[in-house]
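Asks: As a plain string of letters, each chain reads:
Protein chains: 2
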Amino acid sequence: MTENQETPDAEDKSLSGSATLPLRPPCERLSCHKSSVCSRSYFVVVMVFFHVYIINVIALLFYVHYSSGQDDASRSRDAPSGSHQPPESRRPPSKPEFLRDVSLTRIEGIRVGHVQKVSLVPGKVHEMRTLSLKPLLFEIPGFLSKDECRVVMQLAQLKGLMESQLMVQDGQEELAKELNLSPEEIFNLLDINQDGQLQLHEILTHSRVRDGIWLTPENLREIYAGLKADKDDNGLLSLEEFRLLSNDAFQRFLLQQGVKRSQLVRNSRHTWLYQGKGAHQVLQDIKARVTRLTRLPPALVDLSEPLQVVRYEEGGHYHAHHDSGPVYPETACTHTRLAANTSTPFETSCRYITVLFYLNSVDGGGETAFPVADNRTYDEVSLIQNDVDLLDTRRNCDKSNLRVKPTRGTAVFWYNYLSDGRGWVGEQDEYALHGGCMVTHGTKWVANKWINIDPDYQRQARYQQLVSQQQEDEDDEGLTLNTDVQSPSIHQDL
Amino acid sequence: MTENQETPDAEDKSLSGSATLPLRPPCERLSCHKSSVCSRSYFVVVMVFFHVYIINVIALLFYVHYSSGQDDASRSRDAPSGSHQPPESRRPPSKPEFLRDVSLTRIEGIRVGHVQKVSLVPGKVHEMRTLSLKPLLFEIPGFLSKDECRVVMQLAQLKGLMESQLMVQDGQEELAKELNLSPEEIFNLLDINQDGQLQLHEILTHSRVRDGIWLTPENLREIYAGLKADKDDNGLLSLEEFRLLSNDAFQRFLLQQGVKRSQLVRNSRHTWLYQGKGAHQVLQDIKARVTRLTRLPPALVDLSEPLQVVRYEEGGHYHAHHDSGPVYPETACTHTRLAANTSTPFETSCRYITVLFYLNSVDGGGETAFPVADNRTYDEVSLIQNDVDLLDTRRNCDKSNLRVKPTRGTAVFWYNYLSDGRGWVGEQDEYALHGGCMVTHGTKWVANKWINIDPDYQRQARYQQLVSQQQEDEDDEGLTLNTDVQSPSIHQDL
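Chains as they are written, first to last, in full-length UniProt numbering: chain D, 1 to 494; chain X, 1 to 494.
Keep in mind that a hint or two might mislead.
The list treats identical chains as one, so a pair stands whether inside a single copy or across any two.
Said to hold, decoys possible - Only pairs whose alpha carbons sit at most 20 Å apart, straight line, appear in this in silico DMTMM-like list of lysine to aspartate or glutamate:
1) K277 x D476
2) K231 x D420
3) K228 x E314
4) K231 x E184
5) K117 x D420
6) K124 x E427
7) K117 x E427
Hints were generated in silico from the structure; no laboratory data involved. In this text, all values refer to a predicted model and were calculated from it rather than measured experimentally.
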């Protein structure tokens with residue numbers, strides 16, 4: 001982007017250079033009417049010169065224009081990452097549709113095990129190893145120094161960490177009532193294979209999405225027994241058996257029994273660290289390094305979520321999940337809601353890339369597991385079966401296709417979305433499913449840097465334009481203190 | 001390539017324009033000593049002008065230079081495909097090392113099932129579907145018209161087809177004697193799992209590479225019985241049992257018994273059709289369309305092997321194989337042998353891309369099978385097991401991960417090599433293993449267009465330069481009839 005702006009600049013300079021120099025200063029310095037031969041010949045020479053010059057400059061500009069189509073994004077990787085200039089900010093604000101002149105670099109994985117050298121900090125070369133192609137996943141040992149890891153953990157502790165998931169989920173009951181579904185309708189929704197009975201895994205799949213309590217088949221059998229739900233005791237619920245249960249029977253039973261933190265989807269504490277101007281130098285450095293690593297336009301990284309720091313105590317875990325959901329035409333991105341014209345109940349965080357930093361080496365457990373990495377096919381339904389639940393990172397991490405051991409300073413990063421084939425964000429990559437295995441010994445500290453990009457290019461461009469206008473307004477008013485512009489509610493739901 | 005040449009051109013023009021115009025013509029046209037004020041001021045103006053001009057041109061040239069790094073190749077895709085101008089031909093012939101200024105386009109697969117529209121012939125849009133990512137494999141229905149398919153089959157029949165594999169393989173025995181290995185050494189080489197016994201699949205793996213006769217476990221048991229090789233009849237050969245067999249015992253036994261065509265690796269007939277100037281228009285059109293499809297520099301396609309047309313009769317097959325082998329530093333490519341400085345016993349065809357055309361729809365069988373497409377891992381040894389041999393396309397096509405049904409006019413194409421991550425050919429893609437399933441009803445006609453590229457960029461560049469010089473020499477001598485330059489022995493071993 002930055003270089004692309006040279007075109008008009010260069011043109012301006014050359015035009016003024018050629019138009020003003022020969023026409024004004026000579027007449028001021030010498031008396032032009034002294035010799036008519038002189039002035040006529042002078043004029044001829046200058047005009048010939050001027051035309052040759054202009055033709056050459058135009059030819060070069062044309063060449064520059066046609067050769068700077070595709071890889072602007074890859075070239076802008078070296079632009080100063082502290083710049084808060086969004087790619088669209090110099091376009092005329094009256095233009096409602098933005099030309100798609102940015103192409104997002106997507107790093108090539110080549111094959112599993114491929115190692116490429118990357119230059120991220122002066123005087124040092126990092127090795128980046130491809131861990132999987134589905135998702136496109138890389139590992140970079142030594143991405144953060146020992147001191148940087150320490151600073152990030154200390155800053156997080158200073159700020160204070162909060163529970164990543166609350167114990168009691170409110171508002172779920174109301175939603176169910178609002179939807180106004182009959183037991184038959186709910187039964188049908190749950191009965192994935194439509195065999196007229198609810199298998200344990202059919203209940204489990206639903207239950208996790210709904211109330212954030214992680215049920216195991218054993219839990220469920222206990223609940224069946226406690227509620228006397230499964231009269232014929234075959235582990236299956238018929239419509240008749242299901243009808244006898246109230247809407248929130250499971251949740252009430254669990255709350256009566258007492259839910260332990262280990263029974264939640266996430267068992268960790270986290271906080272957010274802003275990385276904009278005025279932030280600790282280490283945090284700004286990390287953001288700059290992530291920009292170099294991902295080779296994305298700095299503005300996209302600048303306008304992404306702050307750094308999330310997470311602490312898992314012994315016994316902590318995070319069951320397998322997607323960092324960002326699928327995007328359909330009616331889905332809004334949390335970060336560009338500002339620029340969305342419509343209101344929609346569907347929203348996701350649109351985290352194109354996840355960069356995960358290990359801030360310490362864990363004594364036991366705590367691996368990052370990718371249950372279906374590089375699987376030939378993705379079958380959501382078969383992830384949860386009655387005997388093995390691949391999403392359960394307390395039990396089945398050993399059955400994941402890929403596990404990354406936490407090592408201090410190492411960064412892993414992956415793409416949560418595919419390419420659209422035209423240089424922008426495409427569909428969700430379902431293979432990016434991952435979780436944090438249970439920490440068996442010690443504490444685990446990690447940080448997450450997400451890069452948020454709206455798969456709708458127009459929305460992303462509008463959003464960036466809005467932010468840059470807002471910034472200009474603030475600058476005009478002298479309000480330069482808080483330049484790290486964030487949609488205020490960007491991490492409300494995290 | 002083409003655009004890149006503008007840099008020196010533009011520079012020459014601008015320099016001559018600025019250096020000669022102001023210095024020579026004015027003095028000729030006007031008497032410069034008439035007015036000293038005039039000439040001094042004239043000099044000042046011209047010098048200022050000259051410097052501003054030069055600085056601007058230099059700045060622009062720098063920008064052009066730094067922005068024309070990566071995607072030259074993708075931009076040259078629309079260059080006329082009939083042109084026989086190799087990318088290196090404009091470079092000075094005295095330069096021994098070639099700058100790597102060509103970047104090969106690699107089409108993005110995105111995900112299995114992804115469909116992208118491609119424009120290959122005027123007024124028509126084709127749909128290209130991603131069939132697998134490992135190998136990167138696409139299908140384009142209707143790539144050839146019904147008439148084009150007919151013409152290609154007729155041209156092949158006119159030329160005459162030859163057996164794809166001869167029944168008796170000569171020269172193998174001599175090689176074994178040359179290598180001068182003891183039975184113990186051979187036994188050790190064959191014993192992959194080093195358990196001191198030869199399993200059936202260990203013999204099979206070796207046998208196929210050596211003599212082109214496709215042995216099944218049943219064949220092998222027959223041979224054991226016939227030769228009384230397996231004294232204890234446990235299906236395993238011990239070193240003692242192996243020692244009693246002569247080097248060529250298996251082959252001799254088979255030849256005594258009589259080998260059927262169905263017992264060979266390939267059971268088909270084929271011929272080659274040149275596609276250069278003077279060839280049938282349909283053949284030239286197909287080459288041009290392949291160039292558009294693959295988005296590779298036309299010179300690379302022009303200098304590749306001719307079109308191979310293959311006919312499988314009922315019962316015909318081609319067991320799973322790689323179209324091109326792995327490339328190590330000492331491996332030569334058949335097509336660039338002309339430019340290789342060294343002689344090496346290792347040679348492969350360096351077929352970067354295979355484009356396979358189905359010329360007819362087959363009544364039964366004849367699918368193209370990719371046994372390990374998109375497998376999570378590639379394990380050569382486990383392909384052949386005692387019970388299931390995934391390479392056997394007469395028996396186990398149904399166990400292949402992917403099968404493409406032959407449909408008239410459809411083209412499939414895949415990359416036999418990975419990218420090297422810097423825009424050139426990298427390692428062999430082992431997942432590109434494929435074969436032709438047995439034709440159960442009717443006849444099967446296919447054509448293959450291979451695009452040969454040397455993974456050693458320097459060798460490819462030298463080769464193209466040599467060819468272009470040879471062409472120039474021929475043109476100078478008025479020998480313009482045969483401009484389709486081919487290394488004469490390029491398909492000797494096929």
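Asks: At most 20 Å between alpha carbons: which applies to K228 and E314, within, between, both or neither?
Replies: neither (35 Å within a copy, 65 Å between copies)
Asks: Tell me, please, which holds for K124 and E427 at an alpha-carbon limit of 20 Å: within, between, both or neither?
Replies: neither (35 Å within a copy, 27 Å between copies)
Asks: Between copies, within a copy, both or neither: which fits K117 and D420 at Cα up to 20 Å?
Replies: between (27 Å within a copy, 13 Å between copies)
Asks: State whether the alpha carbon distance between K117 and E427 is at most 20 Å within one copy, between copies, both, or neither.
Replies: between (29 Å within a copy, 17 Å between copies)
Asks: Can you tell me if K231 and D420 fall within 20 Å by alpha carbon in one copy, between copies, both or neither?
Replies: neither (51 Å within a copy, 62 Å between copies)
Asks: Is the C-alpha distance from K231 to E184 at most 20 Å within one copy, between copies, in both cases, or in neither?
Replies: The answer is within: 18 Å in one copy meets 20 Å, while 69 Å across copies does not.
Asks: Could you place K277 and D476 in one of the four classes (within, between, both, neither) given a Cα distance threshold of 20 Å?
Replies: For K277 and D476, the Cα distance is within 20 Å only inside one copy (17 Å; across copies 68 Å).
In this structure, the hints that do not hold are numbers 2, 3, 6, in rising order.
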